[in-house]
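Novice: This is what each chain is made of:
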Amino acid sequence: MNPQLKKGVLEACILSALSRRDSYGYQIVKDVSHHIETSESTLYPILKRLEGAGALVTYSVEHNGRLRKYYRITGIGLEKIDEFLDSWGQIESAYQYIKEGHDA
Amino acid sequence: MRKQEFMRRLSNCLVLLPETERQATLEFYIEQIDDRIDDGMDEEQAVASLESPEDIAAAILINRDADKDAAPLEMPHETANNSRKKVPYIKIIIGILITILLIMTGFIWAPIALILIAIPVTIYLGLWGILLSAAACTIGFAFAAVVLISIGIGTFSTSSGAAISHVGAGIGCIGLGILCALIALYGSIALVKATKASFAWIGKKINERKRKRVSQELMLKNNLSTPQAPSPTGLDHQTKTVQANTDPSLKSPKRPDGIITREED
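Top line first, the protein sequences correspond to chains V and W. Once you know that position 22 of the first sequence is 22 in the working numbering, the rest is easy, because the numbers rise by one and skip nothing. Once you know that position 225 of the second sequence is 225 in the working numbering, the rest is easy, because the numbers rise by one and skip nothing.
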């Protein structure tokens with residue numbers, strides 16, 4: 001998939017995973033990779049950016065004698081999901097346009 | 001590869017990141033490995049299922065380069081803090097000797113340098129002088145034209161021949177005046193443009209030199225040879241950093257002394 005397109009879709013997928021429940025890195029990768037191919041090294045910069053934008057917050061939970069970092073979605077993050085879903089109409093229309101040109 | 005080896009390599013690749021950011025990245029990947037082990041993998045499998053430390057670091061650095069809010073990359077603390085002490089003594093001694101030599105031979109090179117500077121300055125000021133006199137001539141011709149034409153008109157009734165020659169000379173003065181005005185105007189515009197262009201050229205040369213030095217320092221830090229060309233963005237340095245650490249023969253990259261702090265472009 002086109003990397004820029006993938007970045008946007010992946011971001012929405014991560015936010016969606018977090019909108020279901022708070023989660024941690026490995027779990028997010030497992031959840032999301034059922035739908036779109038991803039890995040930690042793709043996930044990490046996106047998580048960092050989303051945290052910087054205030055779309056998610058983090059907290060640590062003790063697990064097996066170590067700390068595990070959990071991510072929780074914020075109002076800004078939920079808005080970003082809405083934005084993504086709202087933009088879908090545009091993407092579909094652009095898709096149709098590209099497809100018509102391709103088939104003609 | 002064991003967890004410790006993976007972490008050491010990743011840490012080496014991220015040496016240019018600010019310390020807190022590097023720490024956060026390492027913690028994230030420790031957690032990923034531990035979570036895989038909890039999920040039933042053994043340590044080797046867990047590490048193998050991640051990408052290589054070099055690929056991970058490259059992705060982080062490239063992503064960071066696109067992020068305008070990211071904090072600037074840093075030189076490692078040990079070189080940044082002690083850089084002044086680490087300049088080799090021999091360099092200082094040579095520097096002092098050269099300074100003394102320059103001062104003692106001042107009576108030879110100072111006049112030559114002065115002349116070399118004075119020549120272009122004189123030519124430049126001379127050009128402005130010519131343009132200034134052209135402007136002065138314009139005013140002179142304008143006055144002469146007014147005077148000659150008024151004399152011509154005033155004496156028309158008494159001697160028409162002299163009057164016509166006065167008016168003719170006056171019109172000639174108008175022509176010469178216009179010519180001088182044009183020379184002054186276009187000459188000044190051209191000279192101003194030339195001045196701006198030469199300042200811009202000097203500025204560019206200085207910038208190029210600065211950039212070259214910075215990239216040389218970065219190369220030196222990574223035990224690489226001098227770069228062929230200065231890179232216009234920071235990205236090049238970063239990818240080269242990653243490659244430098246990818247080299248398996250470089251188990252622990254030594255840093256040469258004498259690195260001065262990093263400059264901003």
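It is worth saying that the hints were derived from the structure and are not from the lab. One thing to keep in mind: the hints can contain errors.
DSBU-like, lysine-lysine: derived pairs with alpha carbons at most 30 Å apart [claimed, not checked]:
#: 1; chain 1: V; residue 1: K7; chain 2: W; residue 2: K3
#: 2; chain 1: W; residue 1: K212; chain 2: W; residue 2: K196
#: 3; chain 1: W; residue 1: K210; chain 2: W; residue 2: K196
#: 4; chain 1: W; residue 1: K193; chain 2: W; residue 2: K205
#: 5; chain 1: V; residue 1: K48; chain 2: W; residue 2: K3
#: 6; chain 1: V; residue 1: K30; chain 2: V; residue 2: K48
#: 7; chain 1: V; residue 1: K69; chain 2: W; residue 2: K3
#: 8; chain 1: V; residue 1: K99; chain 2: V; residue 2: K69
#: 9; chain 1: W; residue 1: K91; chain 2: W; residue 2: K3
#: 10; chain 1: V; residue 1: K30; chain 2: W; residue 2: K3
#: 11; chain 1: V; residue 1: K99; chain 2: V; residue 2: K48
#: 12; chain 1: V; residue 1: K80; chain 2: V; residue 2: K30
As the structure is a computational prediction, the values presented were derived from the model and not from experiment.
Novice: Each hint needs a verdict: does it hold in this structure or not?
Specialist: Okay, the hints, checked on the actual structure:
1. At roughly 29 Å between alpha-carbon atoms, V/K7 and W/K3 fall within 30 Å of each other, so this suggested pair holds.
2. At most 30 Å may separate the alpha-carbon atoms for a hinted pair to count; W/K212 and W/K196 meet this at roughly 24 Å.
3. Restraint check for W/K210 and W/K196: the C-alpha separation of about 21 Å stays at or below 30 Å, so the hint holds.
4. For a cut-off of 30 Å, the pair hint linking W/K193 to W/K205 stands: about 18 Å separates their Cα positions.
5. With a C-alpha separation of about 23 Å, the suggested pairing of V/K48 with W/K3 holds against the 30 Å cut-off.
6. Of the supplied pair hints, the one linking V/K30 and V/K48 holds, its CA atoms being roughly 18 Å apart against a limit of 30 Å.
7. At most 30 Å may separate the alpha-carbon atoms for a hinted pair to count; V/K69 and W/K3 meet this at roughly 19 Å.
8. For the hint pairing V/K99 with V/K69, the CA-to-CA distance comes to about 43 Å; that exceeds 30 Å, so the pair is violated.
9. Between W/K91 and W/K3 the alpha-carbon distance is near 43 Å, which puts this suggested pair outside the 30 Å criterion.
10. A threshold of 30 Å between alpha carbons decides the hint, and for V/K30 with W/K3 the separation of about 21 Å falls inside it, so the pair holds.
11. Of the supplied pair hints, the one linking V/K99 and V/K48 is violated, its CA atoms being roughly 35 Å apart against a limit of 30 Å.
12. Taking the CA atoms of V/K80 and V/K30, the gap is near 22 Å; set against the 30 Å cutoff, the hint holds.
Comparing the model with each numbered hint stated earlier shows that hints 8, 9 and 11 do not hold.
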